[in-house]
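So the sequence lines, in the order shown, correspond to chains A and B. Residue numbers for the first sequence follow UniProt numbering, beginning at 1 and rising by one. Residue numbers for the second sequence follow UniProt numbering, beginning at 1 and rising by one.
If you're looking for bench data, these hints aren't it; they were derived computationally from the structure. Be aware that one or more of the hints could be misleading.
[As the list claims (entries may be wrong)] As a list, the in silico DSBU-like pairs of lysine-lysine whose alpha-carbon atoms are at most 35 angstroms apart:
(1) K80(A) with K72(B)
(2) K13(A) with K80(A)
(3) K223(B) with K72(B)
(4) K267(B) with K40(A)
(5) K26(A) with K72(B)
(6) K72(B) with K281(B)
(7) K40(A) with K301(B)
(8) K13(A) with K205(B)
(9) K281(B) with K40(A)
(10) K107(A) with K205(B)
(11) K72(B) with K301(B)
(12) K223(B) with K205(B)
(13) K281(B) with K26(A)
(14) K302(B) with K181(B)
(15) K26(A) with K302(B)
(16) K181(B) with K13(A)
(17) K214(A) with K40(A)
(18) K281(B) with K74(B)
(19) K26(A) with K267(B)
(20) K107(A) with K60(A)
(21) K107(A) with K72(B)
[Stated by the list, open to error] Residues from chain A shown here face chain B by an in silico Cβ test under 7 angstroms; the list is partial:
(22) A7
(23) I74
(24) Q76
(25) N79
(26) Q117
All of these numbers come straight from a predicted model, not from anything done at the bench. Glycine included, each C-beta is placed from N, C-alpha and C at the ideal position.
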Amino acid sequence: MTAADFAARNHLKRVGARPALPSYLKQAWARRDFVFELAKSRIQASNNSNRLGMLWVVIKPTLNALMYGAIFGILQGANKPEDFPVFVVIGVFLFEFFSTSMTQGAKSITGNAALVQSLSFPRISLPVSTVVQNLLQLAPMLGVMFVYCLVLGTAPQWSWLLVLPLVALFTLFNTGVALICARLTVHLRDITQILPLVTRVLFYTSGVLFSVEKIFTAYPALVAVYDFHPLYQVLSIARGCIMEGHSFPAAYWLFFSIWSVVLFVAGVVFFWVAEERYGRGN
Amino acid sequence: MAEVTNFDDMLRREPGRGGDGPAPRHMSGQAPGAGGDAPDRPADSAPAGSAPAQSGPSARRPVVVVDDLHVKYKVYSSGKAAGAAANRKLFTRTRGLREVHAVRGVSFTAYENESIGIIGSNGSGKSTLMRTIVGLTPPASGAVYASSRPNLLGVGAALIPDLSGDKNITLGGLALGYTRKEVEALREEIVSFAELEDFIDLPMKTYSSGMSARLKFAIAASKQHEILIVDEALAVGDARFRQRSEARIREIRENAGTVFLVSHSMKSILDTCNRVIWINKGVLEMDGDPATVVRAYKESKK
């Protein structure tokens, strides 16, 4: 009799076996309080030692927006999009949610090796917690963003509320990205070295600081490519909803919904497949 | 060694402190041979009085089966120690990549209500074996089967030093799998067990090492387990707290079905366990009666 038969006869199950996807997701859902608490605790811990504490959540992106706005405002001259300050604030604030979710999500397994090796819980909790953490930080940023828009002379409209479903989709999208990056980093640590470059490239190519139509008027083919660029779609939808005089094709909602759902599902499955791998030393 | 001796004194006095009586110091009637034939071991030699719940030889229900377990690590080393690797250039793909074969074909079966001591010198693979049993480190080959998921006693890694002890109780409790409600119900008990009533709202990084060890232990020990692994966790805090934590471990042990105790203190192994497994360089060297195995282990160290 083999040990496996012996174990089966005595109703023993293999330890550490990856559960089927539905029961995996159920286990992960049961840990939602932990995910939320971990996200909240990390934010509190990271700001505890600063004098200005939680204020840094909004000060940092504000300074970023000021710097990029000033530099690119001068560089672009007449090619500036209309209502440039509001344009930049929306771009920088929303892009921050994506870039931090990606870079921190990538480190969520490798950076928590001690936790992964000492407690058993569905590992998906860690990257999801990172995205939740960034979502929690986005909330005050959005509030401040709307205040800036008011101060800079944009009249409030009902369409501002559409930012909420957009953020929900964006969260799905970022979770998918974080899950994929988290697993890739486990296989290849070197990815954390290249990710800052990737985020910077995306930052400068996603229309955070410039109007794609104005800059690429000479290349209509390139402009057409941007119709399928998810980050560009998020920013276009947000600007269209918040600002006057900026419009976007309604199909962007559909495109970005597809992007978000596909990336989220792909991310969950991709992450789950390697569940047994995450505890290993490297 | 003074520390350990002290700890042993605690252990010796502990049985007198109430509870269900002392754990058996010396077991008889259970001396399976060393080696990896665990699954085929005759299931008739139930240890006499290993636990109050023991009802007879037929009740020896296996709860953990470890089957020809191998665990390997791949580690990036400096390259020097890897012999041939030292000659290679910086960018060759195998730069300093060493494979550590930490556990080499360990097999045994643990039965309900056993207290199994795991002994072996530093780096012999004890902790790796335990982490594999709880499913945290995946095996390279072989498998571990268990009636329910074994648990390591410990929660330290989930806590955040910048946060108050109180918040860490919430975080640690949730990490252990409690619901918020259960954490609230246990909070007071955890605080009073850790004896941190006056400091619970201070950040954990301001605690002394003994205080934070107490808090970690109190959180981790609040949970009941069917199969529990204690990795040198007994020796935390000052003498008085050790005594209390030892009592708590006994309590958990009596409620838990099966306990693995990893320790370097032979005294506490002999006091607590009714079976001992000796791991040497990743191989199961000996498995059986505590007195016999411990004697053989001590012989080998001379």
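Are the Cα positions of K26(A) and K302(B) separated by 35 angstroms at most? violated, 53 angstroms
Satisfaction of hint between K205(B) and K223(B), Cα-Cα up to 35 angstroms: holds, 24 angstroms
Agreement of K26(A) and K267(B) with the hint, judged by alpha carbon distance not exceeding 35 angstroms: violated, 44 angstroms
Would you mind confirming whether the straight-line C-alpha gap from K267(B) to K40(A) stays at or under 35 angstroms? Distance of about 44 angstroms is beyond 35 angstroms: violated.
Quick one, are K281(B) and K74(B) close enough, alpha carbons at most 35 angstroms? The hint holds at about 17 angstroms.
Given I74(A) was flagged as interface, is its beta-carbon under 7 angstroms from a beta-carbon of chain B? violated, 41 angstroms
Is K80(A) within 35 angstroms of K72(B), Cα to Cα? violated, 58 angstroms
Compare the distance between the alpha carbons of K302(B) and K181(B) with 35 angstroms, and conclude whether the hinted pair is satisfied. Violated, at about 53 angstroms.
Do the alpha carbons of K107(A) and K72(B) lie within 35 angstroms of each other, as the hint requires? Given that 35 angstroms is the threshold and the Cα spacing comes to 23 angstroms, the pair holds.
Holds or violated: K13(A) to K205(B), with C-alpha atoms at most 35 angstroms apart: This hinted pair is violated, its Cα atoms lying about 40 angstroms apart.
Holds or violated: K214(A) with K40(A), Cα cutoff 35 angstroms? The hint is violated at about 41 angstroms.
Straight-line Cα separation of K107(A) and K60(A) no greater than 35 angstroms? With a Cα-Cα distance of about 21 angstroms, the restraint between K107(A) and K60(A) holds, given a limit of 35 angstroms.
Violated hints for the displayed structure, listed by number in ascending order: 1, 2, 4, 7, 8, 9, 13, 14, 15, 17, 19, 23, 24, 25.
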